[in-house]
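Novice: Keeping their order, the protein sequence lines are chains V and L.
Heads up, the working numbering is the position in the first sequence plus 10, with the first residue counted as 1.
Heads up, the working numbering is the position in the second sequence plus 35, with the first residue counted as 1.
Treat each hint with caution, since some may be false.
Here are the simulated DSSO-like cross-link-like pairs (lysine-lysine), alpha carbons at most 27 Å apart as the crow flies [to be verified]:
#1 V:185 <-> V:286
#2 L:225 <-> L:160
#3 L:225 <-> V:204
#4 V:185 <-> L:306
#5 V:204 <-> V:286
#6 V:204 <-> L:160
#7 L:160 <-> V:185
#8 L:160 <-> L:172
#9 L:225 <-> L:172
#10 V:286 <-> V:35
#11 V:204 <-> V:185
Reference excerpt, derived from the structure (chain L facing chain V, CB under 10 Å, subset only) [claimed, not checked]:
#12 155
#13 158
#14 162
#15 164
#16 202
Which bits of chain L does chain V cover? Going by a derived footprint, with three or more residues having C-beta under 8 Å, they are [unchecked claim]:
#17 88-101
#18 182-193
The hints are simulated quantities; they were obtained by calculation from the structure and are not laboratory data.
For every residue, glycine included, the Cβ atom is placed at its ideal position computed from N, Cα and C.
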Amino acid sequence: MTDIASSPACTASRRAFLTRRNREKWMAWLRPVISISVPLLIWELASRLGWINSFLFPPPSQILTALWVQAGPQGRPPYAIFYHVFASMMRIVIGVGLALVVGTVVGMLIALTAWGRAIFRPIISAIMPVPTLAWTPVLLLVFGIDNRTTITVVLIATSFEIIYNVVAGLDMLSKRVFWVARSMGASHTQTFFKVIVPGVLPYLITGLRIGIGFAWRALIAAEMLAASSYGLGFMIFDAAEYFNIDIIFGGIMLIAILGLLLENVVLGRLEAATIKRWGVQVER
Amino acid sequence: MSAEPAFKPRLAAIPDPGEPKIVAEGINKTFINRENGEEVVAIENLDLTIRDQEFVAIIGPSGCGKSTFLYMLAGFEDISAGTLSMDGHPVTGPGPDRGIVFQEFILFPWRTVLRNITLGLEMQKVPRAEAEAAARKWIGLTGLTGFEDAYPATLSGGMKQRVAIARALAYNPEVVLLDEPFGALDVQTKFYMIRDLQTLWQEAHKTIVMVTHSVSEAVIMADRVVVFSARPARIIYDERIDIARPRDALDPKVIDRQREVTEVLSAEVDKQMRREAGRNPLGN
């Protein structure tokens, strides 16, 4: 390899190859930036030149300014954006954390025990098609306008995907995997921590990814109905009351950005450390 | 094939049979066919004694119950009647005194090659350094050096099977059970694996039971070849292969033996086919 690569003819083509790879890398970055900024630029122009109603569709620069103001001491209340983002994120983190526990336990009971299957399978099949938001009025009556309502919405939205994927993951573990573990003399605890948990992990992460997507959408909607003072959903709903259209669009942008970060950056990292590193295919 | 083997040809004599290691007496295995509720007799009144450090290959028509017999030795399957003992103690379940290698490898994708091989020792709470030293020995002997930190998904079938073999040997079982170990490999890979691993089996000093459907595999590798009849399984051929190792596939003595076993086996397959054709109402 090395003696071929160091020959002059090869070095030139190698350098060309490297610059091409470098360019590819840049393009991979640039492409999404262009595809998002071009429509925003057109929007800016259209709004400023009066092609579209600038009250209903304020130019993006105005939206960003409004967000900037609301993120600072002049906001109402001061630093409002941070409170809204923090409130929504806290609900997501707590709700998803609870769903992770509930979903994993229920999923394992369904996949590994006959009684768990008998009890939970029919219940889950019946409840799964119900949109999470349909529960919100019930939760409002039970908990009132409270964090518990929004957190429970997140919990419900995430649990089903996690249960479904944990069951799928355990079903995919071949009987022979357990045979190998047992012929190594594995105890039940060892089989659980060294075989079942890592075996299910890729599926759990997939369930988490899809579940968080659902949870994020459900949370924003639930905050419109059931948040008293903070949260991105509440912020949008509140802004609508006062015709602060720039804040509405600002909220939408923040939801998009945070959703992207949650689904791609946080979970992307988790997947890179597990599924991608192991080269495991998760079938769904 | 005329190329010199990589290792020094050591013409090792076939060891004299040792003390009985595994004794099967009057083994019966019946299944209930789930579809029609009929009782299927897989194995009927089977007697077989496998001696200490003997390499026995079991061969037979497909579906004859040879794998079932191997799973009974491993403790994965119960016996319906008869006695099955190892060192005078009845086999009641899987244990680390018997290592298993499956056709489908069954590696743990979340563990590197090294960690797959140390797992059996981890299960037995062997200190990490000690487990790694043992694993590295088998990594060397199975030709996996340089692949210690690779994940199974990045390996070819042949390499995966080397990992499975090293893993089964690493926790030092007394008996190694091979369930069609080369069945999932292409002809080339299989040829090199069988050649490369010839010395491994001798140096391991284990009692080895291999189930296979390849006559050449059986004759080249084993000290003794046992042929099972079509279902219900009985022993219709049981001979020692007294040919010095390493064995060459083109050695006339090897070819003679292969022909002998093939005749017994194909007569049995013919009989099975005729029986099945007779059962076929179309009678073709």
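Novice: Each of the hints needs a verdict: does it hold here or not?
Specialist: Outcome of the hint check:
| no. | hint | verdict |
| --- | --- | --- |
| 1 | V:185 <-> V:286 | 24 Å, holds |
| 2 | L:225 <-> L:160 | 34 Å, violated |
| 3 | L:225 <-> V:204 | 31 Å, violated |
| 4 | V:185 <-> L:306 | 33 Å, violated |
| 5 | V:204 <-> V:286 | 19 Å, holds |
| 6 | V:204 <-> L:160 | 13 Å, holds |
| 7 | L:160 <-> V:185 | 24 Å, holds |
| 8 | L:160 <-> L:172 | 19 Å, holds |
| 9 | L:225 <-> L:172 | 22 Å, holds |
| 10 | V:286 <-> V:35 | 20 Å, holds |
| 11 | V:204 <-> V:185 | 15 Å, holds |
| 12 | 155 | 4 Å, holds |
| 13 | 158 | 5 Å, holds |
| 14 | 162 | 16 Å, violated |
| 15 | 164 | 19 Å, violated |
| 16 | 202 | 8 Å, holds |
| 17 | 88-101 | violated (count 0) |
| 18 | 182-193 | holds (count 4) |
In the structure shown, a violation is registered for the earlier hints numbered 2, 3, 4, 14, 15, 17, in ascending order.
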